[in-house]
Every structure is written in C-alpha cells, then in structure tokens.
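**Student:** Here this note's numbering is used: the first residue of the sequence shown is 1, the next is one more, and so on.
It is possible that some hints are incorrect.
What the hints assert, rightly or not - Here are the simulated lysine-lysine pairs, DSSO-like style, with alpha carbons at most 27 Å apart:
1. LYS260 to LYS359
2. LYS336 to LYS373
3. LYS260 to LYS285
4. LYS336 to LYS396
It should be emphasised that the hints constitute simulated quantities derived from the structure, not laboratory data.
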Amino acid sequence: MSHNNCILTLLDLKDKNITFSENWMKDVQINGIRSKVISGILSFQPTHCYNCGHLFDSQIIKHGFKTSRIKMMKLSGFDTYLDLKKQRYKCRHCDRTFTLKTSLVESNCYLSNPLKQAIFLEASHKKSESDIARELNVSHSTVNRIIHTSYEEQSLHFNSLPKVLCFDEFKSVKSAEGAMSFIFCDASNGKLIDIVEDRRLSTLKPYFMRFSKEAREGVTHVVIDMYAPYMTLIKEVFPNAKIVLDKFHVVQLLSRALNKTRIRFMNQNKEFYNKFKHYWRLLLKAQEDIHSTHYFYSNCFKKQISQQEIIDFLLALDPELKATYDFYQTIKQAIKLRNFDAFHHAIQNPSDLLSPEMKTALKTLTNYQDYIKNTIETSYTNGVLEGINNKIKVIKRMAFGYRSFYHFKARILIIHKYTFEQKNKRNQTAQ
C-alpha cells in the first residue's frame, strides 16, 4: 500500500483525489488546545465548468488553490483538522472561477461528513447534547443543527398505516400548544410513527385526515386509555377500527377505587390505621399471588401470620370494603383469564355494599363494556408505548428539559429509530 493510500485509510477518506506530501502532519496550538493538522491537496481534471456547465476543454484552466480547514474525527484523542488545498479553475467561456469539490465535505461547510455522521450516531444514544459537543469538539449549536437536519430527512408516509395502533400522551415542553402531546406507534412491533404537539381532538382530526382514506380504513384496532376524545377521533377517522382499552388502565381504574375506599376507612378507624397503611399493597395483589401457607412475623400483628390471614382480618372489619375488594378481584381475574362472560356478569350483578368510589368505577366499566370486550378478546396492550414514554422521560431528564417541542420531537424520533433498527438487527442475527 502506498504512502498516500495509508493516510487515506487512516483518516477513512474515500476521495482518492486527495494526496499528501511526506510531511503531512504537524502539531499546532488551536484556541489553546494541542491539535493535529494534516495537509492535503485536492486536484483532478473536472468534467465541466461548475458555473456554466461547459464541458472541459483548453478554455478551462488552472487558477491557483483555495485552502480550507476542515474539522475531522479525533486522532489519538487529539482534535484533528485537515488543511485541504483545493484546486481552482477559471472558465473563459463564462469568465468565472470555481473550486473543485470533494465527497469529504459539503460545499461551504467546515465539518467533514464522517464527523457529522459521528455526531448523528452519538445523538442516537441516550446522551446529552452538551456531552456530545464536548466529546467531538464541536459547538452545541452544531449538534443541534445536525439533529434537525437528520430529522428533516425522515419523511412520514401518509399512504400507509399499521393495522393496529397504540395511542397515548406525554408531557413534552412548556411551550407546546396543549398540556399533553400525542404519540402513537405500531402495536405489532413497537415502531414509533409520529408525535403531535397537542392531543386535543381539534388538532388530531386534521392530522390524521392527511393520511389516505385507504390507509385509515385499513386500521382494524386502536389501543387507548380512557381519554374520551380518542374514542370520538377513532369513530370519525378510522371507520373499520375497533377500540381496545388498555388492560393496565382498566385495572388501574379499579385499584384506585379500592385504594380510595381503604384510605377513607382507615382515616375513620385510627386503631387499624397502621395495619391498613402498612399492608395496602397486599389488598391490590392478585388472588393467586397471595400466600396462605407461608408464615412470617408481623410487627403490626405481633405474631406469625400469613398474607391471607392479614387480608381476612382487614376485610372482616368492614362489609363495604370486603364487597369492594371481592368485586376488584373478580374483574381483575376475568380480564386475566379473558373471560368476558364473567366480566359481564360481575358488572351486571354488583353487590349493594360496593363503596361509592367503586360504584363510580362500575359506571365507567358499564359505559365502556363494548370496548373492554375487545380488550379481553384480544392481546393488544399499550405496554410497548408506555416503554417508549419511559424512554422519553429519560431523554428529557438528561437534557434538564427542552424549550423547543420541534427539537425534543426530533431527538426522540432519532433515538427511537436507532434503537428500533438495532433491535431488529439483533433479532435477525438470533434467527
């Protein structure tokens, strides 16, 4: 391998028209920092004039050099620059000059393309932009600009939609139009589709109407929480889609009602306050997860006792609490076993002793029983989207918040796209 090719390989340069002299590198202090400066020459015969387009002939002559200092990837931990002397030509056909171009860097830019790719790759990880700028010796605004440019290249296709969608919302930035921003993904593989600044119906309906009629009619199921505008949106925009309430939110509705009942009772009965306070999680556990034969010492009861005995003791104190607890367990078990008949029987034949809090939850279940039927009969959940929302919280926390919704959205989509692609690669390798 020649001297020139060795340097091209070392710098990972693809442009073979760049050549180097023997003394091709020197140490230089740049802004008080010891840096490596590489000297190179770009020279070749162009095919035409870059200005008028005239094919190369004897009237296009060499016209000196123009030197540009290009920021490169670091070498051995040192900031590295390439002083590239680019050949200039003068075209006598149009009486104008032009400078040769290289694939190493874009026109009127001082950052090499490999460095831009490195910035984008680092921005695809859960890392603050300040750390990226510091590690790669670029400004924070440069990182910002590359994230925006990369995001703009990711176009959304309005001619297709997945068959099953997940809808949810999250708190984005203070400057956002709505209190919560809207996010949706493909339920089958967890691929994030897009983020909308506002979750209100007046914003979401025009947004989804941009998708073709065929794409919207192809959606068969949409998984949501109990946010009523989503239900209206689905009926108006996705005519063939069934509404599926997320299992977690259905159970959460019941567990909150049971919790409120417990808190009200223990505040009214101070002698049992500590026992209800200490074992509140036990009342929310699924019946099959409660141990009846495993005994342990309880400081509250001052004796060896099992979980089942604790629950029996607490429920025996109040018939209303026991009826509420039994209803909670019945509904939870019906959802887990995908038994809609058991669910329907429970909400049609509730105990008269149910607490006011659980009666309110019962009204919600009754109103949405058709949607809950879809929940029980399918395996679709919003779990994958909740995972994305947790990742969004991490991204926001690393940056100590974002001011611009547009920039926050770009960062989320870039990070998710990278992790999604890496996950697919691992799955394909495993297969």
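**Student:** Look at each hint and say if it fits the structure.
**Tutor:** Quick rundown of the hints versus the structure:
At most 27 Å may separate the alpha-carbon atoms for a hinted pair to count; LYS260 and LYS359 meet this at roughly 12 Å. Between the alpha carbons of LYS336 and LYS373 the distance comes to roughly 12 Å, so the proposed pair stays at or under 27 Å and holds. Restraint check for LYS260 and LYS285: the C-alpha separation of about 16 Å stays at or below 27 Å, so the hint holds. Annotation: proposed proximity of LYS336 to LYS396 is violated, straight-line Cα distance about 34 Å (limit 27 Å).
Figure legend: structure checked against the earlier numbered hints; the only hint not met is number 4.
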